[in-house]
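Following the hints, position chain W against chain X.
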Amino acid sequence: MSVAAFYAWIGVGLCVLGLFGFIMHRHLVRRLLAFNIMGSGSFLLLVGLAQDDRGVDPVPQAMVLTGIVVAVASTALALVVFRRWFRVSGESILPEDV
Amino acid sequence: MIRLLAALFACLTVSVVLVVAIINRSLPEGNLPAQVAERLPETGVSHAVTAVLLDFRSYDTLLEVAVLLVAVVVAMALREAQPDGPDRMGLANPLLRAVVSWLLPLMLLVAAYLLWAGSSMPGGAFQAGAVLAAAGVLLRLAGVGFNWMEHPMRLRVVLAAGLAVFVAVGTGCLIAGRAFLDYPPKFAGSLILFIECAVTLSIALALVSLLQLAPPQEDGPLLPERRRRFRK
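The listed protein sequences correspond, in order, to chains X and W. Heads up: the first sequence begins at 1 in this note's numbering, then just goes up one per residue. Heads up: the second sequence begins at 1001 in this note's numbering, then just goes up one per residue.
In case anyone wonders, no lab produced these hints; they're calculated from the structure. Using N, Cα and C, we set each Cβ at its ideal position, and we do this for glycine too. Hints may be right or wrong, so weigh each one.
Partial chain W-side listing against chain X, Cβ under 8 angstroms, derived [to be verified]:
#	residue
1	1015
2	1019
3	1022
4	1031
5	1060
6	1075
7	1097
8	1214
9	1215
Rough simulated footprint, nothing fancy, chain X against chain W, three-plus residues with beta-carbon under 8 angstroms [what the hints assert, rightly or not]:
#	segment
10	1003-1009
11	1051-1059
With the rest of the complex left out, here is chain X (with noise of 0.2 angstroms):
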């Protein structure tokens, strides 16, 4: 198993991880981990797969780039969504989370 290969099964392993903490926890900002947990496996799942003996190929490289930022955003934006949540509700799950 190349290195590559093992980044890649190491990027399945914290996407089901993070789905597990995800369904898991209510708590809005463990959930929000849980999704950063996910989206960091699926980006080494791309790197990794997007490599063979030939040598490296950079679209998947950039685009996985370009979702570390979007990422970022998301994140925190979900986190500002998160405190005006907090502040007009004093709750940090969601109602309508069972």
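Using the frame of chain X, we list chain W on its own:
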């Protein structure tokens, strides 16, 4: 209990699907890295990732800059009217101030270097913007206010500058008779650097203002009370 079962079921399904998909994936037919390397001279930059980001797939990058701008706009819209008062974000820590004054020139230098290095080696607008934003956040935490950021018009102009320059260059290509964002090969390198400069500033300011727009709340509930509420 149901939650745990549902989570385990979802994780098991997703992991099986992912593993099967990875094992049975179809390998690309052509030699993709070689294809990118072949078209690299047309882009005016010599690093493949920068070429992909700002030339081959510049639409992605354009929309990414737009996403960042939208995030800041929403954060601005959700911002509460903060009463004028003492700065509550700065930590009154002399050590932090001293370290920041040492680190700041270095961070500015690294940001400029990353921006310049982007055309020929790993680096570029996003990395430079992130370093610049980190410098801004450190400054903010050390209690240094950005007076010029209080001016709403100035802040908005710099925030939008990255997207505006990007769209302007793309439209310029249209006017010159090419496709949108299809730079003429002669000026491609300098156009990319120009876009990157504007995008760096916008990204850095966007990240800093996302922090700035959510200041600590003085009259928010205290921590023990919050904990009690969460346990309930």
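*Numbers of unmet hints, in rising order*: 7, 9
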